[in-house]
Amino acid sequence: MTQELFYEDIHVGDDMPELVKGPLQKLQHVMYAGASGDFNPLHTDDDFARAVGMKDGVIAHGMLIMGFAGQAITGWVPKKYLKKFGVRFSGMTKPGSTISITGKVMDKRVENGENIIFCEVVAMDENEDVKITGCFEASLPNRS
Amino acid sequence: MADSSKVGTEYSPIIWEVERGKIRELAKAIGDPNPVYLDKEAAIAEGYKDTPAPPTFMTVPMMWCDKMPAIINDLKINFMMLLHGEEEYEYYRQIYPGDIITGTPRVINIEGKESKSGSRMDMVTLEVLYKNQRGEDVAKSRTLIIERK
Numbered sequence: 001m002t003q004e005l006f007y008e009d010i011h012v013g014d015d016m017p018e019l020v021k022g023p024l025q026k027l028q029h030v031m032y033a034g035a036s037g038d039f040n041p042l043h044t045d046d047d048f049a050r051a052v053g054m055k056d057g058v059i060a061h062g063m064l065i066m067g068f069a070g071q072a073i074t075g076w077v078p079k080k081y082l083k084k085f086g087v088r089f090s091g092m093t094k095p096g097s098t099i100s101i102t103g104k105v106m107d108k109r110v111e112n113g114e115n116i117i118f119c120e121v122v123a124m125d126e127n128e129d130v131k132i133t134g135c136f137e138a139s140l141p142n143r144s
Numbered sequence: 001m002a003d004s005s006k007v008g009t010e011y012s013p014i015i016w017e018v019e020r021g022k023i024r025e026l027a028k029a030i031g032d033p034n035p036v037y038l039d040k041e042a043a044i045a046e047g048y049k050d051t052p053a054p055p056t057f058m059t060v061p062m063m064w065c066d067k068m069p070a071i072i073n074d075l076k077i078n079f080m081m082l083l084h085g086e087e088e089y090e091y092y093r094q095i096y097p098g099d100i101i102t103g104t105p106r107v108i109n110i111e112g113k114e115s116k117s118g119s120r121m122d123m124v125t126l127e128v129l130y131k132n133q134r135g136e137d138v139a140k141s142r143t144l145i146i147e148r149k
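Residue numbers (our numbering), protein chains in the order written: chain A, 1 to 144; chain B, 1 to 149.
Just to be clear, a hint being listed does not mean it is correct.
Claimed, not checked - Simulated crosslink set (EDC-like; lysine to aspartate or glutamate; CA at most 16 angstroms straight-line):
| hint | chain 1 | residue 1 | chain 2 | residue 2 |
| --- | --- | --- | --- | --- |
| 1 | A | Lys84 | B | Glu86 |
| 2 | A | Lys80 | B | Asp50 |
| 3 | A | Lys80 | B | Glu90 |
What the hints contain is simulated information worked out from the structure, not anything from laboratory work.
Construct all of the structure, not just a fragment, from the sequences and the given hints.
In structure tokens, the structure reads:
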């Protein structure tokens, strides 16, 4: 059993444990296409990607990068406590990139009897180019 | 140009039977080693009934049911100029293997915007409320699609 996470243990300003993914391979785009059902050739076919203006070829699915963020979040806050998770896609991700996911607790308060933590999450590559920014909320149990 | 008369349109539902293998496949594709998504016993030990769907699972029924391309077509959005701007989820209950989830997509907003560089964009927001076979709300997704001009 992983260690239980309690509301009392979380403080505003705390960092979510960092997750580093990659270097990304084109093979992962193929796996993600099959798993998600998103077969847009922009993610798997270099010739198609170049024809629509991506001079270096394919780019990763934005939802794959959101999936990385989901991995980081639910590796820290169990899935059963997650209430909201949203992202804005702000940059394209090329094969070979290494993506780091970081997060921070921005606020915590009791709402309708639930212990809610409000956190932000960011994914960026090794050049600190931001791929997604977002936020998530979770409802945590009390220690007592 | 996205067809702004389509605001409020509700599309026919996405109906999807959730399989344990599909949950594992999505976790594997992401490269998420969290055992709750991969192993029923591990999930039960963590307080779940079975392997729960990962946070971004709702993309699977949306894409595999070909619903997103159909909606994009109906809204007269040029597929080649399309960007995924934002994605947001609210979670009400876990989604487990064996669940049959039904999602009803609705267009909740369409607006034109001008980017900093002066180019025109249309912003379309789609919302899908997912219910399980007991009629309980399980999740809501909100997707912002951007059509570049």
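Structure-based check of all given hints:
1. Distance hint between Lys84(A) and Glu86(B) is fulfilled; the C-alpha atoms sit about 14 angstroms from each other, no more than 16 angstroms.
2. Our distance criterion of 16 angstroms between C-alpha atoms is met by Lys80(A) and Asp50(B), whose separation comes to about 12 angstroms.
3. With a CA separation close to 12 angstroms, the supplied pair Lys80(A) and Glu90(B) stays within the 16 angstroms bound.
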